[in-house]
Amino acid sequence: MKVAYFPGCSLHSTGIEFDISVREVCKALEIDLEEIEGWVCCGATSAHATNHLLSLAMPAYSLALAERMDVQDVVAPCAACFNRLKHAVVLSQQNEETYNKIKELLPIPWENKLRVRNLLDIFSNMLEEISSKVTKPLSDIKLACYYGCLLLRPPHICQFDNPENPQTMDELMKACGAQVVDWAFKTECCGANLTIPRPDLVVELTYRILKSAKTAGADAIVTACPFCHLNLDARQADIHKTKGELFNIPILYFTQILGIALGVPPKKLGLTRHLVDPFLLPALRRR
Amino acid sequence: MLDLVADDTLANQIKEICGEDVRKCYQCGKCTASCPLSFAMDIKPNQVMRMAQLGLRDVLSSSTIWICASCASCTARCPLDIRISYVMDALREIALKEDVSPKEPNIPLFHKIFCRWVGWLGKLYELGFIMEYKLRSRQLFNDIAMGIKMFLRGKLNPFPSTSPNSEVVRQLMEKTGQK
Numbered sequence: 003m004k005v006a007y008f009p010g011c012s013l014h015s016t017g018i019e020f021d022i023s024v025r026e027v028c029k030a031l032e033i034d035l036e037e038i039e040g041w042v043c044c045g046a047t048s049a050h051a052t053n054h055l056l057s058l059a060m061p062a063y064s065l066a067l068a069e070r071m072d073v074q075d076v077v078a079p080c081a082a083c084f085n086r087l088k089h090a091v092v093l094s095q096q097n098e099e100t101y102n103k104i105k106e107l108l109p110i111p112w113e114n115k116l117r118v119r120n121l122l123d124i125f126s127n128m129l130e131e132i133s134s135k136v137t138k139p140l141s142d143i144k145l146a147c148y149y150g151c152l153l154l155r156p157p158h159i160c161q162f163d164n165p166e167n168p169q170t171m172d173e174l175m176k177a178c179g180a181q182v183v184d185w186a187f188k189t190e191c192c193g194a195n196l197t198i199p200r201p202d203l204v205v206e207l208t209y210r211i212l213k214s215a216k217t218a219g220a221d222a223i224v225t226a227c228p229f230c231h232l233n234l235d236a237r238q239a240d241i242h243k244t245k246g247e248l249f250n251i252p253i254l255y256f257t258q259i260l261g262i263a264l265g266v267p268p269k270k271l272g273l274t275r276h277l278v279d280p281f282l283l284p285a286l287r288r289r
Numbered sequence: 023m024l025d026l027v028a029d030d031t032l033a034n035q036i037k038e039i040c041g042e043d044v045r046k047c048y049q050c051g052k053c054t055a056s057c058p059l060s061f062a063m064d065i066k067p068n069q070v071m072r073m074a075q076l077g078l079r080d081v082l083s084s085s086t087i088w089i090c091a092s093c094a095s096c097t098a099r100c101p102l103d104i105r106i107s108y109v110m111d112a113l114r115e116i117a118l119k120e121d122v123s124p125k126e127p128n129i130p131l132f133h134k135i136f137c138r139w140v141g142w143l144g145k146l147y148e149l150g151f152i153m154e155y156k157l158r159s160r161q162l163f164n165d166i167a168m169g170i171k172m173f174l175r176g177k178l179n180p181f182p183s184t185s186p187n188s189e190v191v192r193q194l195m196e197k198t199g200q201k
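Line by line, the protein sequences give chains X and G.
Position in the first sequence (first residue = 1) + 2 = the working numbering.
Position in the second sequence (first residue = 1) + 22 = the working numbering.
Careful: at least some of the hints might be erroneous.
As the list claims (entries may be wrong) - Computed far set for chain X versus chain G, every beta-carbon distance over 12 Å:
| hint | residue |
| --- | --- |
| 1 | ASP75 |
| 2 | LYS103 |
| 3 | ILE124 |
| 4 | LYS135 |
| 5 | THR137 |
| 6 | LYS138 |
| 7 | SER141 |
| 8 | GLN169 |
| 9 | GLU206 |
| 10 | LYS216 |
| 11 | LEU248 |
| 12 | LEU283 |
As the list claims (entries may be wrong) - Derived coverage of chain G by chain X (criterion: at least 3 residues anywhere in the stretch with Cβ under 8 Å from a Cβ of chain X; other residues may be distant):
| hint | segment |
| --- | --- |
| 13 | 39-52 |
| 14 | 95-103 |
| 15 | 106-115 |
| 16 | 130-138 |
| 17 | 177-188 |
What the hints assert, rightly or not - Straight-line C-alpha distance at most 20 Å; calculated SDA-like pairs for lysine to any residue:
| hint | chain 1 | residue 1 | chain 2 | residue 2 |
| --- | --- | --- | --- | --- |
| 18 | G | LYS46 | G | THR31 |
| 19 | G | LYS171 | X | HIS242 |
| 20 | X | LYS105 | G | LYS197 |
| 21 | X | LYS138 | X | GLN161 |
| 22 | G | LYS46 | G | ASP103 |
| 23 | G | LYS171 | X | ALA239 |
| 24 | X | LYS103 | G | GLN35 |
| 25 | X | LYS243 | G | ASP103 |
| 26 | G | LYS156 | G | GLU189 |
| 27 | G | LYS171 | X | THR274 |
| 28 | G | LYS197 | G | ILE116 |
| 29 | G | LYS134 | G | GLU189 |
| 30 | G | LYS52 | X | ALA186 |
| 31 | G | LYS171 | X | ASP279 |
| 32 | X | LYS115 | X | GLN161 |
| 33 | X | LYS4 | X | VAL73 |
| 34 | G | LYS37 | X | GLU99 |
| 35 | X | LYS243 | G | ASN187 |
| 36 | X | LYS4 | X | ILE22 |
| 37 | G | LYS156 | G | PRO180 |
| 38 | G | LYS197 | G | GLU120 |
| 39 | G | LYS119 | G | GLN35 |
| 40 | X | LYS105 | G | ASN187 |
Since the hints were derived computationally from the structure, they do not count as laboratory data.
For every residue, glycine included, the Cβ atom is placed at its ideal position computed from N, Cα and C.
Just chain X, same shape as in the assembly (with noise of 0.2 Å):
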């Protein structure tokens, strides 16, 4: 299956241990994943924080290079990246007004033929084969889930999963051999960009959901977003600080996981790249 690869820019760094795991995971499972020439930043969050217009005409653009290639499909894993391409299409689609002024400032045609996914839904629709493709399952790992916001809301665009009780990654890391726990704060905010202006809240909002985690009983937290993983990471020292709680809990990437369960080599999956160590786990320890 050949898809158009739009990376956005934080896969490019801070979140470069998602865009190498995504690479290794998607060669592993025959998706062929080619990037979009000269695609331009989604503009999340800052285009939409001030200008309506400017934040569904930049990934319109995107959208629109991405339809000179042979494809159905462009895939974002990023989720506020997934978010905003799906705002275009979708406005676009609901309102022939909207669609005529994003048109009229593109450069270049703009069909709005193509579909926009994650890479949820599409492991999600071949759990079979990944199943099947699975050689070394984490049986003795518990995982709690974390969906945050920007796959699944708002749902009119988002059109994915249930948004106050998603499954789909849930029922991935069961496929990687994983226990999963239930717990309460899988679709709960991290705060996003706050982290940089107003990092005190991030503390709050993350110190919330990692307590949530660690009662429920996880030894992990897994994301599908750059900013999540961001910040449930990196703000767990400042937690220490301000809390007195040192969480040590690890946060990976939902392809991380999948591409050890599939047997790729831990050092090729970024897994050195958090500021909590994974390797605490003795489950991944040992591998």
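Fit chain G to the known structure of chain X by using the hints.
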């Protein structure tokens, strides 16, 4: 007693930007109950909706419109399908256009610097953007330990990556009146 005859100007401005009609809101309070950041807001989300209905422009100088993290919990749960997160976006856009002095100045500063860097390069150069933000908000030394750890793990690219189509982004910003 508050004069409850609404001035529709603000409601109309919001509708013009994002298509949402704040007049539909009947004050059930579900948005505030759902909001993970309402504890940090000076005016709660349902009050923002009421003020927007009544045309009370003080809402534009609330901390709320900047503290909102766009998680869209309110939007997912609103029984009237009002996309409250779009209303928040529209209020920010109006506040910027009208030069309303923000109660949380660092957050709009963050957005402004973000958009400028993306306009230059077509992509976000995270290290450069964060350094400029830290300098201009005079917060240079907080997060330094975290920044160094991230840098050492190769999570902050020292060199900017650019899109060959950065000029297109610049033009889009110009045509849409981005400040």
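Quick rundown of the hints versus the structure:
X/ASP75, annotated as away from the interface, keeps every beta carbon of chain G farther than 12 Å; the closest lies near 22 Å. Consistency note on X/LYS103: stated as away from chain G, yet its beta-carbon is not over 12 Å from all of that chain's, at 9 Å minimum. Listed as outside the interface, X/ILE124 is consistent with that label: its C-beta sits roughly 23 Å from the nearest C-beta of chain G, beyond the 12 Å cut-off. For X/LYS135, the condition that its CB be more than 12 Å from all CB atoms of chain G holds, with the nearest at approximately 29 Å.
Non-interface status of X/THR137 relative to chain G is upheld: no Cβ of that chain comes within 12 Å, the nearest being about 28 Å off. Distance check on X/LYS138: its Cβ is at least 25 Å (rounded) from any Cβ of chain G, clearing the 12 Å threshold; non-interface status holds. At the 12 Å boundary, the C-beta of X/SER141 stays outside the reach of chain G, the nearest C-beta of that chain being 29 Å off. Once the 12 Å rule is applied to beta carbons, X/GLN169 is consistent with being away from chain G; the minimum gap is 17 Å.
Chain G draws X/GLU206 into its interface by the beta-carbon criterion, the shortest separation being 8 Å against a cut-off of 12 Å. With a least CB separation of 19 Å from chain G, X/LYS216 remains clear of the 12 Å interface cut-off, as annotated. Look at X/LEU248: its CB is around 15 Å from the nearest CB on chain G, clear of 12 Å, so calling it non-interface holds up. Under the 12 Å C-beta cut-off, the non-interface status given to X/LEU283 relative to chain G holds; the minimum distance is some 18 Å.
Only when three residues or more bring their CB closer than 8 Å to a CB of chain X does the claim for the segment 39-52 of chain G stand; here the count is 3, and the claim holds. Counting residues of the segment 95-103 of chain G whose CB falls under 8 Å from any CB of chain X gives 4; the rule of at least 3 is met. Coverage of the segment 106-115 of chain G by chain X holds. Counting CB-CB distances below 8 Å, 6 residues qualify, and the rule asks for three or more. As drawn, the segment 130-138 of chain G meets chain X at 7 residues by the rule of a beta-carbon pair under 8 Å; at three or more, the given contact holds.
With 8 residues having a Cβ less than 8 Å from any Cβ of chain X, the segment 177-188 of chain G passes the three-residue criterion, so the hint holds. With a C-alpha separation of about 15 Å, the suggested pair G/LYS46 and G/THR31 falls inside the 20 Å cut-off, and the hint holds. The straight-line distance between the Cα atoms of G/LYS171 and X/HIS242 is roughly 16 Å, inside the 20 Å bound, and the hint therefore holds. Using a Cα cut-off of 20 Å, the hinted pair X/LYS105 and G/LYS197 holds, with the two alpha carbons roughly 13 Å apart.
Restraint check for X/LYS138 and X/GLN161: the C-alpha separation of about 32 Å exceeds 20 Å, so the hint is violated. Using a Cα cut-off of 20 Å, the hinted pair G/LYS46 and G/ASP103 holds, with the two alpha carbons roughly 9 Å apart. For the proposed pair G/LYS171 and X/ALA239, the alpha carbon gap of about 11 Å is at most 20 Å, so the pair holds. For the suggested pair X/LYS103 and G/GLN35, the alpha carbons sit about 18 Å apart, so the restraint of at most 20 Å is met.
Under the criterion of a C-alpha separation no larger than 20 Å, the hint pairing X/LYS243 with G/ASP103 is inconsistent with the structure, at around 41 Å. A threshold of 20 Å between alpha carbons decides the hint, and for G/LYS156 with G/GLU189 the separation of about 26 Å lies outside it, so the pair is violated. Restraint check for G/LYS171 and X/THR274: the C-alpha separation of about 12 Å stays at or below 20 Å, so the hint holds. Between the alpha carbons of G/LYS197 and G/ILE116 the distance comes to roughly 17 Å, so the proposed pair stays at or under 20 Å and holds.
About 18 Å separates the Cα atoms of G/LYS134 and G/GLU189, which keeps this hinted pair within 20 Å; it holds. For a cut-off of 20 Å, the pair hint linking G/LYS52 to X/ALA186 stands: about 18 Å separates their Cα positions. Annotation: proposed proximity of G/LYS171 to X/ASP279 holds, straight-line Cα distance about 12 Å (limit 20 Å). With a CA separation close to 17 Å, the supplied pair X/LYS115 and X/GLN161 stays within the 20 Å bound.
For the hint pairing X/LYS4 with X/VAL73, the CA-to-CA distance comes to about 7 Å; that is within 20 Å, so the pair holds. With a C-alpha separation of about 14 Å, the suggested pair G/LYS37 and X/GLU99 falls inside the 20 Å cut-off, and the hint holds. Distance restraint check for X/LYS243 and G/ASN187: the Cα-Cα separation of roughly 43 Å exceeds the 20 Å cut-off, and the hinted pair is therefore not satisfied. With a CA separation close to 18 Å, the supplied pair X/LYS4 and X/ILE22 stays within the 20 Å bound.
This hinted pair checks out: G/LYS156 and G/PRO180 have alpha carbons roughly 16 Å apart, not beyond 20 Å. For the hint linking G/LYS197 to G/GLU120, the alpha-carbon distance of about 18 Å falls within 20 Å, and the restraint holds. A threshold of 20 Å between alpha carbons decides the hint, and for G/LYS119 with G/GLN35 the separation of about 12 Å falls inside it, so the pair holds. The hinted pair formed by X/LYS105 and G/ASN187 meets the criterion: a straight-line CA distance of about 17 Å does not exceed 20 Å.
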